[in-house]
Each structure stands twice: as structure tokens, then as C-alpha cells.
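Visitor: Listed below are the residues making up each chain.
Number of protein chains: 2
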Amino acid sequence: MKPWMMNLRKIEPYVPGEQPKSLHVTKLNTNENPYPPAPGVRRALAEMTDEQLRRYPDPACMVLTDAIADYHGVGRDQVFVGVGSDDVLAVAFQTFFNSDKPLLFPDISYAFYEVWAKLFRIPYRRMPLTEDFRLRAEDYKTENGGIIFPNPNAPTSILEPLEFIEDIVKSNPASVVVIDEAYIDFGGESAIPLIERYDNLVVVQTYSKSRSMAGMRIGFAIGSPEIIAALNAVKFSYNSYTMNAAALSAGVEALKDEGYFRDCIGRICRTREEAVTRLAELGFSTTGSAANFLCVSNSELDAGRLFRDLRESNIFVRYFDKPRLADKLRVTIGTPEQMEVLYGFLQGYRQS
Amino acid sequence: MKPWMMNLRKIEPYVPGEQPKSLHVTKLNTNENPYPPAPGVRRALAEMTDEQLRRYPDPACMVLTDAIADYHGVGRDQVFVGVGSDDVLAVAFQTFFNSDKPLLFPDISYAFYEVWAKLFRIPYRRMPLTEDFRLRAEDYKTENGGIIFPNPNAPTSILEPLEFIEDIVKSNPASVVVIDEAYIDFGGESAIPLIERYDNLVVVQTYSKSRSMAGMRIGFAIGSPEIIAALNAVKFSYNSYTMNAAALSAGVEALKDEGYFRDCIGRICRTREEAVTRLAELGFSTTGSAANFLCVSNSELDAGRLFRDLRESNIFVRYFDKPRLADKLRVTIGTPEQMEVLYGFLQGYRQS
Chain A
2 MKPWMMNLRK IEPYVPGEQP KSLHVTKLNT NENPYPPAPG VRRALAEMTD
52 EQLRRYPDPA CMVLTDAIAD YHGVGRDQVF VGVGSDDVLA VAFQTFFNSD
102 KPLLFPDISY AFYEVWAKLF RIPYRRMPLT EDFRLRAEDY KTENGGIIFP
152 NPNAPTSILE PLEFIEDIVK SNPASVVVID EAYIDFGGES AIPLIERYDN
202 LVVVQTYSKS RSMAGMRIGF AIGSPEIIAA LNAVKFSYNS YTMNAAALSA
252 GVEALKDEGY FRDCIGRICR TREEAVTRLA ELGFSTTGSA ANFLCVSNSE
302 LDAGRLFRDL RESNIFVRYF DKPRLADKLR VTIGTPEQME VLYGFLQGYR
352 QS
Chain B
2 MKPWMMNLRK IEPYVPGEQP KSLHVTKLNT NENPYPPAPG VRRALAEMTD
52 EQLRRYPDPA CMVLTDAIAD YHGVGRDQVF VGVGSDDVLA VAFQTFFNSD
102 KPLLFPDISY AFYEVWAKLF RIPYRRMPLT EDFRLRAEDY KTENGGIIFP
152 NPNAPTSILE PLEFIEDIVK SNPASVVVID EAYIDFGGES AIPLIERYDN
202 LVVVQTYSKS RSMAGMRIGF AIGSPEIIAA LNAVKFSYNS YTMNAAALSA
252 GVEALKDEGY FRDCIGRICR TREEAVTRLA ELGFSTTGSA ANFLCVSNSE
302 LDAGRLFRDL RESNIFVRYF DKPRLADKLR VTIGTPEQME VLYGFLQGYR
352 QS
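Chains as they are written, first to last, in the numbering used here: chain A, 2 to 353; chain B, 2 to 353.
Just chain A, with the same shape it has in the complex:
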């Protein structure tokens, strides 16, 4: 080891998910939206001015926070934007979870919660999901220094109702509760209206899934003005200019075409319902999804082997080799044509 390596941060390198280069892949592995973003988004990028490129972007991201505030009917001081919801969540972890009591999140959930908790040295407890993969409200009424979970949860795809969220937020006035609504637009009811009544609630959403803009890295949080001011204070202490001019322009434009947005969401939801039926005919059960993916299993089949066999046929899905997930696959809802490729493969598939 070289002498300067003594002071390196010790960290387990994370291996990012596979992004196949081949165009012949049926890509149902990263929960991207199969449809293009609203047509205005590309126009907004084409119309960017030299001034926008040349000058520092507005660190307060006002054009985008205003557009999101208008869209969701909240104040401009109730919106915080970041480089994808991962950025928003990482800033939220650093801002709100500075207690000696444990941060609570489900044992089966978004894998990055544990990564950030470790990175920022936040004590945490993973609360087991019930046998049918639901969160138990009682688990989140125990001593804690903060609470976070996705709704719908991932990779289970299961939605908890708004009363469940409200019960937890109301029961924890001394904690910040972060609801990660990455998939909420695909059939769930957002907790945003609860913001008016609970100033310890933060709702995080993203443009990556429902708005087909994973490539532009835009996420946001909605909360009380005190919550948003606290997030901004931490962000500005780290890097003031994280949202580039292209993300700001594209992010504003994407909110203008509600018809297109609803049409894409509708198509994905119909394809999902069709997929539940078709997969059932092929012997697969699903967990009742409110997201743009299904969590599927087939007791006759080894899921890990199915994952690898699909991959060899250029059909990419996601497999988690973890307790209670190792018998399942996570399948993103693609276009009807992409789904037919999957059904076609499964139709003739046997494991001997």
C-alpha cells in the first residue's frame, strides 16, 4: 500500500446496474419509462441559449421550484429540487437524521437507504415486512430518530393507503418522516396534501419514472417551509450549483403537457394489468402492483436461473439474491411489444 492511501475513505465499491449497449435487448430491468418524454422537452433543450450555457445557473433553481410548486398547488418555499431523487434523499439523510436514535426503514426496500445510513454514520433499524410484504404501522411507532420508506414500496410494488401514512406521520411529531414516492404516479395517492397539516413530513418524487426523464436527473421534495429551508442550508454548504441549465429548462417544460403525461401513465397501467393476467396464465403470481413494475414469482421455477436464462435471450429483468426476494423477479412494465417478447420466452420455457 502506498503511503498516501492511509487516509483514503474506506468504502466498499458499489457496482452500478447493468446498462446493456446492444439495441437488441428487451430492457425491463431498471424501471425506466418505455415512452419518450413530453415532446416539448426536446424542444426546450434545442432552444437553450448561449447565455444559459455560459452563465452559472440559478442556485435556487427558481424556475423549476416555481413550476413544481404551481403543478402541485404548494408554495414556492415548499419545494426543493435535486439531481434525481437519489440526490434529494441523500441531502435529506444528512439534514434530518442526526439523532442517536435509529432511523427506521423496511428490511425489504430501496437498497440505498442502508448505504446512506452507513455512509453518514446514522444508526438505523430495518423493520421486517409482514408475511404478505406489507409495512406494519406499529413498527414505526417505536423509538426512532427518523423514518423513511417508499410508497409504493420497492421492489415489492405494494402501495400503502394515505391513512397509513398519516397515522405514522401523526404518531411521530418528534421525527421527520420521508415518503419516497418514486412510483406514486402509477396508481397511488400522493401524501403531498398531508403537508398542509404535518410539518414533519417530506414527500420525495422524481422525473425518472413517470416523466420518462431518468437521463436528465431531476428529483424533488415537497414539505413545510421549515423542512425546505433546512434542506437548502445543507445543499448550499456542499455544492450550490448542482442543477444544470438543461435540467432546469427540461424540468419546467415537462410539467406543461398534462395530456401527454396522463396518456403515458394510462398506457403503462393498462399494460401492467394485462401483464398480471398474461403472467398468471403462465404460472406466475404477482404482488398487486401500484408501480411501473411487477414483482413476480413462480413456485415451479428457480428465479435466479430464470433471470440468467432470460438474460441469455437478451431479456433483462432484475433479480435480488436476498432473503425473501430470491424466489422473485422484478419486471419493469415496457411497451406491449416488449412484454410480448417476455411472454413469448416464458411460453416455451422449462427448467429441467
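No lab work stands behind these hints: they were computed from the structure. Keep in mind the model is a prediction, meaning the values are calculated, not measured. Treat the hints with care, since some could be wrong.
When chains are identical, the list treats them as one kind, so a pair holds in a single copy or across two.
Derived DSBU-like pairs (lysine-lysine); straight-line CA-CA distance at most 35 Å [what the hints assert, rightly or not]:
#1 Lys171 with Lys102
#2 Lys102 with Lys11
#3 Lys119 with Lys11
#4 Lys102 with Lys3
#5 Lys22 with Lys119
#6 Lys102 with Lys323
#7 Lys11 with Lys28
#8 Lys257 with Lys142
#9 Lys257 with Lys323
#10 Lys257 with Lys28
#11 Lys257 with Lys22
#12 Lys11 with Lys22
#13 Lys323 with Lys28
#14 Lys142 with Lys323
With chain A's structure known, arrange chain B on it following the hints.
Guide: For chain B alone, kept in the frame of chain A given last:
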């Protein structure tokens, strides 16, 4: 105070620099480039595909790291990219400065070094510049857990020669030395060639100044493969997808037009030399700049008052109300036309 506020991270809110909305402002306050980015950059944005927007960007940013590696004649495993050099530097602080010994940087330097040192709880020592605002090599041969400084330094604009850099890097084999070359393209000699011989050296550059792309947030580090692997490990543990597709495309394109780049740099350097002469005629001394700004003073004038008077006439420059800087102004080199507005104001200016 509300109960959930107990666990907020305690932080002094940073107030971002002023970005005037008015088009009538002569904006010489944030070291932006007065010329547009290479014409290909806007075309690259206009040609972005739906696939680039819809899908997650490559977390390894391969197209951009390859382009930067080719441009600078280093290996693809010797380049790390980030959301502006602020992001690159913040990741470098977290990666390399984990010692109980102090990080060393100049007392007059980029203000964010101290902010990050505090934020990441890194012990540090600010080493005083000499009377003529130079770094002293001896200061950086004392016990330390890392070294960082800009070259040319900011806001002094003074360049140290390559032998000075090499002396410090060579004398500190047990420390990582970060050279922040935000302004190097305006007349300095980059330390990048030293990378071949010293694996404890990291050189950080940005697209914000010389490439007229502050709005796109692109910075990069060049170092040994071990240095770059360490930066990537920390980055991937935090947020894998920070560079959006637009930044990747624009960043690659900007490197293709070397003629345009050299022409812009040449124009700014000529305007700077002209400015030194013109300002001297108006009674202002400068520090000998190798950057796209000048650090100017006039013993007859109160700099703080001049700053405010300029501002009232819609001429924005930068003033630092700090020891040894309070008698100076930092003036970005604009177009010749913008500089004439400044000279015109100073021509008739008197403080009674």
C-alpha cells in the same frame, strides 16, 4: 422550536452570489466567460434523442471520461467527472482527507475549502500567503493530512510555476495533493503531465470558465488510476447518476473545437493585458494575473465604497470584506465593450 427540529444538522446557511436578472448589468462578478461555448455544444443539445432522456445515463460517464482522457493524453482510468469542479472537490475532500493531521490550504484562497473541511469534520490549517500574496513552499512541507490550493490562486489571480507544484507534491508522498486549476487555461501551465510521475497528485479542472459552460456544471479530476478508483468508490456510494445526459453530450462536443477554444482564450488574455494598462492609467494596480479576472486596488480609494458605487451604476464586480482583501476588488475580464463601461465609470469617479 418544533420537536423534529432537534435532529436537524446545524449549519450556517450559505448565501449564494448575486445573479442579477437585469440585462442592463455589466456583469464582471462571477468569472464567467463573456463568449458563447463552442457552437457545436448547442447543436449537441438540440440533437439529444428520446432514448438519452428516457434512460438512466451511464453512471461511469464513459463518453465524457474518454473524451477528456483523449484530449489530455491520459488513460480513461485516469479521469473522474463531476457536477462542476465543486462536486469533484467535495468528493475529493471526502475521499482523501481522512487523517487526524490538518489539511493545509492558503489563508487567502477559494472560500469553499474551509466550508467543506468544516462540513466533513476535517482538521485544517490555513497557511498565510506572503506579503506579496504568494504561497511559500516551506509551509506545505509541514505535517499534514493533505494539501489543496488553486493555481492560479483565487482571488489573487497569481500563478505558481510547475516546479513549485512538483516540489510540494514530491515532498509529500504520504499526502494527496489537489491542485485546483479552475483558471489554468488563461495562461498557466497545467500540472497534468506530473501525474505520470506522482500518484499522489490530483489535478482538478472545470468547463465553467475557459469553456464558457458554467451553466452545464462539468468539472473533472485527472490523477493516477488508484486516485480515480478511490474517487469513484466514494461517488458511487452516494449517488451514482449525477451527470445528466445533456452534460455528457455537451461536454464531449465542447472538446472538439480547439480553434474556437484557443480563439476565445486569446481574446480574453488580450483584453486582460489591455485592462492592466488601462486600469494603471486610472490609478489601479493589479497583481499580475494568469486568470480571467484581475485583483485590483487603488490606495486612494475605499474599495468597499467603490464596489457599492459601481453596483449602483449597474456594474457588478466582487468585493471580499476580509483581512488583506478589503482594499481590493476582483474584476472578471469581460468583452472589450464591457470593460469600456468599467473604464468609463472609473474615468470620472471621485470619492470625496
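Visitor: With reference to the structure, classify each hint as holding or not holding.
Guide: Now the hints, each set against the structure:
1. Only within a single protomer do Lys171 and Lys102 lie at most 35 Å apart by alpha-carbon distance; the minimum there is 18 Å, versus 46 Å between protomers.
2. In this homomeric assembly, Lys102 and Lys11 come within 35 Å of each other (Cα to Cα) both inside a single copy, at 24 Å, and across copies, at 17 Å.
3. Both within a single protomer and between protomers do Lys119 and Lys11 lie at most 35 Å apart by alpha-carbon distance, with minima of 11 Å and 20 Å respectively.
4. Taking the closest pair of Cα atoms, Lys102 and Lys3 come within 35 Å of each other only across two copies (18 Å); inside a single copy the shortest separation is 38 Å, beyond that limit.
5. In this assembly of identical chains, Lys22 and Lys119 lie within 35 Å of each other by CA distance solely inside one copy; the values are 32 Å within and 42 Å between copies.
6. Only within a single protomer do Lys102 and Lys323 lie at most 35 Å apart by alpha-carbon distance; the minimum there is 26 Å, versus 41 Å between protomers.
7. In the homo-oligomer, the alpha carbons of Lys11 and Lys28 lie at most 35 Å apart inside one protomer (34 Å), although the nearest pairing across protomers, at 44 Å, exceeds that limit.
8. Taking the shortest Cα distances, Lys257 and Lys142 never come within 35 Å of each other, neither inside one copy (40 Å) nor across copies (58 Å).
9. For the homomeric pair Lys257 and Lys323, neither the shortest alpha-carbon distance inside one copy (41 Å) nor that between copies (46 Å) is at most 35 Å.
10. Taking identical chains as interchangeable, the C-alpha atoms of Lys257 and Lys28 lie at most 35 Å apart whether they share a chain (28 Å) or sit on different chains (32 Å).
11. Both within a single protomer and between protomers do Lys257 and Lys22 lie at most 35 Å apart by alpha-carbon distance, with minima of 32 Å and 24 Å respectively.
12. Taking the shortest Cα distances, Lys11 and Lys22 sit within 35 Å of each other inside one copy (31 Å), while across copies they are farther apart (45 Å).
13. Taking the shortest alpha-carbon separations for Lys323 and Lys28, only the intra-copy value of 22 Å comes in at or below 35 Å, while the best inter-copy value is 56 Å.
14. Only within a single protomer do Lys142 and Lys323 lie at most 35 Å apart by alpha-carbon distance; the minimum there is 27 Å, versus 50 Å between protomers.
Consistency note: the structure conflicts with the earlier hints numbered 8 and 9.
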